[in-house]
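Asker: Protein chains in written order, with the working numbering: chain A, 1 to 497; chain B, 498 to 674.
Hints in this document: simulated from the structure, not taken from any laboratory. Note that beta-carbon positions come from the ideal geometry of N, C-alpha and C, so glycine has one too. Keep in mind that the hints are not guaranteed to be accurate.
Some residues of chain A that are not near chain B, with every Cβ distance over 10 Å (derived) [what the hints assert, rightly or not]:
#1 Ala122
#2 Val356
#3 Glu360
#4 Asp366
Here are the computed lysine to any residue pairs in the SDA-like style, where the Cα-Cα straight-line distance is at most 20 Å [unchecked claim]:
#5 A/Lys363 - B/Val564
#6 A/Lys363 - B/Phe524
#7 A/Lys363 - B/Pro527
#8 A/Lys352 - B/Phe524
#9 A/Lys373 - B/Ala630
On the chain A side, residues computed to face chain B include the following (Cβ under 10 Å) [stated by the list, open to error]:
#10 Thr74
#11 Leu75
#12 Glu77
#13 Gly346
#14 Asp359
#15 Ser371
#16 Lys373
#17 Arg376
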Amino acid sequence: MEKQWTVGRKIAMGLGGLALITVFVSAMAMYALNSVVAAKDRVINVEARTLIDNQEVGALFDAKVADARGYLLTLDEHHLESMRKNRSQFAAALELLRNDVSNAEDKKTVAEIERLEREHQAALDAAFELRRTNAPLQDVIALFEKRAAPLRIEVQQQQDLFKTRTEQHMSGAKEAATAFADRMNVLLLIIAALSVIVAIVVSIILSRGLARQIGTAIQHVQTSSTQLQSATAEQVAGTREQTSAVAEVSATLKELVSTARQMMENAQRVTRVAEEASSSARTGGITVQRTQNAVSAIKKQVDLIVGHMLDLGKKSQQIGAILEIINELAEQTNILSINATIESAGAGENGKRFAVVADEIRKLADRVGGSSKEIRVLIDEIRSAANTTVMATEDGSKAVEAGIRQFEEVAQVFQQIAAMVETTTDASREIELGTRQQVSAVEQVNTALSGVGQAAKDAETTTRQTQETATQLAQLSRNLSALVSAHNTATSSSAGA
Amino acid sequence: MTETSSDSTEQLTARLHAYRDAFDRAFALPADTQRDPGIDILMIRMGETVFALRLDELSNVQTCGKVVPIPGSSTFLLGLAGIRGAVVPAFCLATLLGCASTDSKRWVVLCNREAPVGLVFDELLGLRQVQLADIYPAQTAAGQTHSSEVVRQGSQVVSIINLDSVMDQIHRPMKLS
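Make the full structure from the sequences, and use the hints.
Answerer: The structure is reproduced here in structure tokens:
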């Protein structure tokens with residue numbers, strides 16, 4: 001059962017036992033003290049008060065007697081009133097006295113005093129009556145002395161008796177209280193000794209048990225402190241590495257920030273250049289469009305030229321066809337002239353003049369044939385030149401069309417370039433914005449990392465402190481172990497003795 | 498206008514005037530003095546070779562129309578042709594002379610004989626008047642058949658076809674091919 005109890009419970013049980021003993025001792029002491037105090041209070045409150053009340057009664061009675069005398073002497077109502085007042089106070093004081101006393105004898109004494117006071121007052125009243133009758137003062141004095149004085153003396157005697165008895169009671173109470181206090185002191189001493197013995201036993205038992213448990217706990221603490229030391233050492237090393245890593249990362253981030261700023265500046269430059277390129281592309285597109293329009297106009301002119309050349313070719317073909325007709329006519333004329341010459345030769349002398357005409361016709365036909373050949377040559381040259389011109393013009397038209405297509409392609413390319421430049425401009429703006437955000441984020445990261453680094457340093461410091469604390473804890477556990485070992489040795493030695 | 502074209506125009510204008518003058522002069526001269534004494538020859542071409550025919554041996558010159566071939570005829574007989582309302586046998590002069598010929602436009606001459614005979618050739622070059630002094634015997638003309646004379650035309654020497662020899666060959670007994 002003891003093994004199942006924890007240290008706290010044992011300590012609690014021990015302290016609880018000591019507390020109970022302390023409470024018991026305290027209770028006994030309080031009882032004794034209260035009893036002594038009550039006894040003393042009784043002595044003080046009851047007996048002393050009884051004495052005081054008795055004295056007050058005596059004083060009030062004497063005052064009353066004095067007032068009676070004064071009235072008897074002067075018949076001053078003031079004295080009478082004062083006497084009545086004193087008598088009233090006397091009655092109240094006597095009542096208090098009656099309440100103070102507890103035994104029958106004292107009560108009897110108080111009753112006697114009250115009776116005597118009444119008789120005394122009756123005597124005084126008789127004297128007052130006599131005095132009011134203007135009897136001789138000597139008579140009054142004689143009556144006073146005869147009736148009132150003895151009663152006064154008896155009252156005083158009773159008061160003295162009461163006083164004596166009260167003083168006896170007070171002395172007895174003092175002695176009883178003192179004896180009770182002595183008994184209580186002895187009892188308290190015994191109880192205190194017992195408490196000390198019990199406390200010693202409990203402490204021995206507790207110390208042994210606690211020593212075992214504390215020894216076990218100390219071993220655990222030593223083991224844990226050792227492990228904590230090693231762990232803190234590792235943590236210190238790790239924190240140091242973390243700090244250095246944070247420093248490296250921070251340096252890298254600074255370089256990254258610098259690089260990001262450069263990238264942002266480059267992006268800004270790219271944006272500006274892209275905007276200029278876009279403007280140039282638009283201008284180039286306008287120029288290309290104008291050039292395209294000019295080339296289209298040239299193409300129209302070239303087409304007109306081609307048309308005219310084709311018409312020229314057609315006309316030359318028509319001329320050639322007419323020339324064919326002329327050649328045919330010339331040939332036919334030549335044939336007719338030859339046949340005419342043949343006929344004229346067959347006609348003999350009569351055909352000579354006809355032969356002349358035939359010769360002229362033949363010459364004419366030859367000239368026509370020759371001229372038609374020349375015309376044919378010229379026509380061919382014209383047609384060749386026209387064809388060449390048409391071909392050149394067609395080549396030029398094709399070149400113009402190719403140029404127009406290329407210009408259209410160039411215009412499309414310019415548009416594409418302008419669009420791509422616009423896209424590039426937008427992208428560069430986004431890159432610039434993203435880079436700016438990146439710089440801000442990296443700076444925030446750098447700031448956070450600085451905080452992390454500082455936290456790492458703080459953690460390193462805390463870990464060192466923990467390490468030192470663990471070392472101190474280990475040292476304390478060793479010291480505590482030494483103390484426990486010394487205590488166990490001392491306890492064993494005392495038990496053996 | 499270039500200088501060349503302007504010169505050509507002036508030359509043509511001069512030629513025009515020359516033709517007009519020559520034509521007008523022809524009417525001014527007596528008729529019998531206008532013709533130079535000499536003979537008229539007809540210049541023809543067969544393949545790449547130029548030949549000449551005496552005009553006085555011919556009765557007609559014209560383009561050769563449709564020639565209807567005759568089955569089983571000789572190689573130089575092309576067929577029958579309608580000329581001046583008569584059906585005339587048409588012979589290939591190039592084959593008779595043994596020279597190359599082309600399939601170009603064919604001319605035909607009618608020989609001045611009892612029965613009209615047509616000789617077909619490739620091209621009519623024209624009528625020429627040559628002097629008798631320009632005609633030489635064709636003794637040195639090797640490889641040329643049916644040609645006994647040659648005529649000089651400038652730097653060119655042209656064989657004059659002997660139509661009598663050609664007719665003799667035509668009328669010789671024909672061998673079946």
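Asker: What are the numbers of the hints the structure violates, in ascending order?
Answerer: As far as the earlier hints go, 2, 3, 4, 5, 9, 10, 11, 12, 16, 17 are violated by this structure, in ascending order.
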